[in-house]
Every structure is written in C-alpha cells, then in structure tokens.
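Chain residues, written in single-letter form:
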Amino acid sequence: MPAWPLFVHERPESIVAYRDGAAIDARRFLRDVRVLARRLPCGTHVLNLCADRYRFAVAFAASLLSGKCSLLPPAHTPEVIRHLQLFAPDAFCLTDDADCAVELPLLFYRDGDADDADDAAADAAPWSVPQIGAAQLAAYVFTSGSTGAPLPHRKTWGRLVQCVRLEAARLAPLARSGSAILGTVPPQHMYGFESTVLLPLQSGGALCARRPFFPADIAAALQELPRARMLITTPVHLRSLIAAEMALPGLDLIVSATAMLPANLAREVERRYAAPLLEIYGSTETGQIAARRTAFEDQWRLWDGVRLEWVGERCWAQGGHIEQPTAIADILELKSEDRFVLHGRTADLVNIAGKRSSLAHLNHHLNAIPGVLDGAFFVREDAHASLAGVTRLAALVVAPTLELATILRQLRQRIDPVFLPRPLLRVEALPRNETGKLPQHTLRTLVAQAAARAPHLFA
Amino acid sequence: MSEQALPQPATSRLDTLALEREIARLIVQGLNLPIAPEQIDPDAPLYGEGLALDSIDILEIALIVSKQYGIVLRADNQENEQIFRSLRHFARYVAAQRSK
Numbered sequence: 001m002p003a004w005p006l007f008v009h010e011r012p013e014s015i016v017a018y019r020d021g022a023a024i025d026a027r028r029f030l031r032d033v034r035v036l037a038r039r040l041p042c043g044t045h046v047l048n049l050c051a052d053r054y055r056f057a058v059a060f061a062a063s064l065l066s067g068k069c070s071l072l073p074p075a076h077t078p079e080v081i082r083h084l085q086l087f088a089p090d091a092f093c094l095t096d097d098a099d100c101a102v103e104l105p106l107l108f109y110r111d112g113d114a115d116d117a118d119d120a121a122a123d124a125a126p127w128s129v130p131q132i133g134a135a136q137l138a139a140y141v142f143t144s145g146s147t148g149a150p151l152p153h154r155k156t157w158g159r160l161v162q163c164v165r166l167e168a169a170r171l172a173p174l175a176r177s178g179s180a181i182l183g184t185v186p187p188q189h190m191y192g193f194e195s196t197v198l199l200p201l202q203s204g205g206a207l208c209a210r211r212p213f214f215p216a217d218i219a220a221a222l223q224e225l226p227r228a229r230m231l232i233t234t235p236v237h238l239r240s241l242i243a244a245e246m247a248l249p250g251l252d253l254i255v256s257a258t259a260m261l262p263a264n265l266a267r268e269v270e271r272r273y274a275a276p277l278l279e280i281y282g283s284t285e286t287g288q289i290a291a292r293r294t295a296f297e298d299q300w301r302l303w304d305g306v307r308l309e310w311v312g313e314r315c316w317a318q319g320g321h322i323e324q325p326t327a328i329a330d331i332l333e334l335k336s337e338d339r340f341v342l343h344g345r346t347a348d349l350v351n352i353a354g355k356r357s358s359l360a361h362l363n364h365h366l367n368a369i370p371g372v373l374d375g376a377f378f379v380r381e382d383a384h385a386s387l388a389g390v391t392r393l394a395a396l397v398v399a400p401t402l403e404l405a406t407i408l409r410q411l412r413q414r415i416d417p418v419f420l421p422r423p424l425l426r427v428e429a430l431p432r433n434e435t436g437k438l439p440q441h442t443l444r445t446l447v448a449q450a451a452a453r454a455p456h457l458f459a
Numbered sequence: 001m002s003e004q005a006l007p008q009p010a011t012s013r014l015d016t017l018a019l020e021r022e023i024a025r026l027i028v029q030g031l032n033l034p035i036a037p038e039q040i041d042p043d044a045p046l047y048g049e050g051l052a053l054d055s056i057d058i059l060e061i062a063l064i065v066s067k068q069y070g071i072v073l074r075a076d077n078q079e080n081e082q083i084f085r086s087l088r089h090f091a092r093y094v095a096a097q098r099s100k
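Chains Y and B, in that order, are what the protein sequence lines are. Going by my numbering, the final residue of the first sequence carries number 459, and the count climbs one at a time with no gaps. Going by my numbering, the final residue of the second sequence carries number 100, and the count climbs one at a time with no gaps.
Okay, chain Y solo, but in the shape it has when bound (with noise of 0.2 Å):
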C-alpha cells in the first residue's frame, strides 16, 4: 500500500517550525507529536481548535499517528457542534483555549508534556520519519450546505499530500525552497490546512506558530522569520496592509485566496512589496485547484492531473488529487485543457471576508427561530465597501412578536457572526412573487425604501 511521510523534511535537525521567535527542529516536532499521541482518549473524531499554529500541527500530526481523523467545520457555533456530534458521537475537541467553551469532550494542549525521558527516547531512537498510508482517511471538512447540517467531504492522506506538493510546484519557480511560511488565516480552514500546515510539512519549509491580525502584527511576525519569507494570506489582509500604508520586512512571495483578488489590489501589492503574489483557487470540497499572477495574468492554470468539464448547467471538476468529481460553484469559461477565466460566483453563494456560505444555508437558519414566520437574507449591492473591502448581508424578517435584538441572539447561537444581517429589517410581509420567489430587486426596492425612512441605518 502506498505511504507518504508525516514530512519530507530529512534530517533531525532540520527546521520545521517557528515559535515565539524560537526554531523548533524535526527531532523536537516528532518528540512533541508522539508525547500528544500518548495522551489522546479513546475517540476516532478529533476537533482541533488549537490557535498556535505549531500546537495545531503537532495534534493533527499526533492524531493522524494515532488512526484519528480531524474534523474541520466551517464555524463553530452551538448549533455547528450539535451537529458535528450527531456525526461523529465519538468526537473530541483538542484547544490550547483555557476558555473554550466547546460542547464536546475537552483536552488541553500542554506545552510542557514532555520530560527528559521523552528527550532522551527521541535522541537515542534512529531516525525516521513516520509513513501515514495514502488511503488512510486524515481528515473531514465541511461546508456550511443549505439545510442545517454542515456537509462532510472526505481528505485521505495521500490525496491533502497530492495536492498540497502540486501546490508547492507551483510556487517552486517563484520561491526559493525551505521558506518560512507565515498565515494571516487559521489552520482550520481548508486554505489555511493546506497552505499553512500542509504545504510546510510537504515541502521542507517551516511554519510560524502565528496568527497575526492587524497589519502591524503582520510586519512584526515577519521580522521574526529569517529568509525566504512567505505570506500566506487573503484579500482583506492584503487591502488592510495597503490602506495602513505598513512597511513590511523583505518578502520572496505572497499568496492569496479565499476570495477574488482584483487586479488593481494584487499590482499595488507587488509594487509596494517588491515580490510576486500568487492567487490560488479552490474550495472545501476540491482543495486547491489552480492558481495565477494577478497582477499579470486573468487566466488561471490547473494544478496537473485536475481537469474541468461542463455537464449541462455545472462545471465539474476532476482528476489529480480530487477525491471524486465535483461541481464548481462558481461561473467558469475554459481557456484550454488547463486554464481558465473566472466570471464569478452562482447567485446563491455569498462570500464574506473569504468565509463562504449560501443564501439558501442562511434562509434556513434564519426561518427556523421560532417566532420568525418568513425571512430572507441578501446581498446589498448599494453598500459601499469598507477599508478592509467587505461589505455584508442585509436581511428582511416578518416576526411580529420578536424583538430584532432576540433574532440576531439566536442567529448568532447558528452561524458565523460574519453573516448577521446588516441591517436586519422588519418588515410586515415578504415581496413574494406567485412563484414563492423573491426577487432581489424588489428587495432592494424596499430596502431603498426603509432606508428613506430611516437614513441613519443606512451609511
């Protein structure tokens, strides 16, 4: 049966990690992954909710050792881990959060597990990197779908290591090898799994246990990795580091994803950056796809093996490391057999801040409050976007008996906080068409017109 190693890094002292501006070895990481392993309860099903990055690879790492598989939903809300248990009965939440307030099983992250024994066992073992099966199942990844319960997706081991060494043949041409890769996105997310932990692990370069948030962090992270630096990070980091005019330490790449990159954005980066940004494409579903220049190129090109077709109204994806064919949710134009244009998005998906969901997923939590007897979510196309270039949903609600402060309370009991409504507007009846239909322009008529009622809820 076909294996592929934990990491490809080969020998015991090179570096894997950086931590609190510490380099942390592979001898270190292995001893670190095996003393976890030793602690994990009995549970096939793990939730890794650890923040610092090096903890986060250290459990996925001690769980893919132990037969475990993580689990990565799209939120983490009351309602999300309800349904994430009636999935996995079994599963457990592994957080380095001395607050967390997950309702599973909890174990905590300990930094200091390991003893002079541990040290000793690791230094006098012969070297060798540990050989996970391809087909072992490592992970499973949901999306938020269009009822309540988030939809799994299945990642062997040997398909997350398939398209995380394509990815990295990609970036070879514009990045020098063994980078230190630094993430503005959390390791939960399907982007940050892959580009932040897995594509280090598989390419001999060396995560940074950070996750930094205000573009000052950003620089001051930086500085702390020697080069080649990478940047692994998403628009509105890239358009909050432009508008804070911040200087950064030397760069060799950048990359972003998670949302379209719009010319302009990706060129002012590389002039003011003095180094090439690579947009990557993808999904939950697919892993990463494709990638392109930005600033230079529309087209994008498929990673190898991965090829597009149309069947009747979708666009599928499918070969290299895709478990199974897939449909895209997004409107493609094949160039050629591997490139392709970008036209957009299917008018029932909504990206916030790179979190993606779908009207129909919102509708449903949002009709589901008791008390709400009809509501909708929409995008505003009149709001103007912010510095960070986000612009939310707004949503209408028939709930006579309801204050509006309850509904947001319980919506944010069910989805992410990024998609409550901006404004939620109350209104006495729906403008459904004889269809059952809502059009969205006739709520955005009525929008217009609670807004010329009440200019201040209106920016």
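These are computed hints drawn from the structure, not numbers from a lab. The structure presented is a predicted model; accordingly, all values stated were derived computationally and were not measured. Keep in mind that a hint or two might mislead.
[Stated by the list, open to error] Covered, in the sense of this in silico footprint (three residues per stretch, anywhere, with C-beta under 8 Å from a C-beta of chain B), are these stretches of chain Y:
#1 208 to 216
#2 233 to 246
#3 385 to 395
Glycine included, every Cβ here is placed at the ideal spot set by N, Cα and C.
We have chain Y already, so just place chain B on it with the hints.
Here is chain B on its own, set in the frame of chain Y:
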C-alpha cells in the same frame, strides 16, 4: 509637589467626550452599522454582546484610527482587553496615543 496635586486641564473631559462622539461617527460610517452614532452606549462592550462587533470590524477600526489618528494597534498589546472594553475606554486610548 506630587503630580496629582497639579490641576487637571479643564478641557480634557470635554475633549474626550468630543473625541468619543467623533470616533462613534467614524465607526458607524466605516462599518456600515445599522445604528446612529449617538445610539452607541459609551460604556457597552464593543465585542460580543453590546455593539456585537466581530474581528473584521476590529480590523476596520484599526484601519480607521490608523488613518485618522496615526494609531497602530497590535494584537499582542496586553491592554487590548481594556482598550476594547467600551467606546469610552477606546476613546481614552486614542486620546493618549494619537500622533495626529
């Protein structure tokens, strides 16, 4: 003579109130918030309950105060919990740190 014995400048409280109102207006405009600036309770938390801002909002606020007042926010600042406790705390921090 100790510092506490020195008279406080009479304008400081008024200045802080004016700054508080100005920041409220910038936040409501910048974040597209569906409320009027004067509806922000100056003592309510900015995060979670209260004004219920999320992390994207906090990033937006960082950009707004960097542009407007030259203030650089950092996630590892030990004072962050204090700073974001309420609009009033935030305005005090801005008053103390502003460079423009």
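Here is what the structure says about each hint:
1. 208 to 216: n = 5 at 8 Å, threshold three: holds.
2. 233 to 246: holds (count 4)
3. 385 to 395: holds (count 6)
This entry satisfies every hint, going by the numbered hints stated previously.
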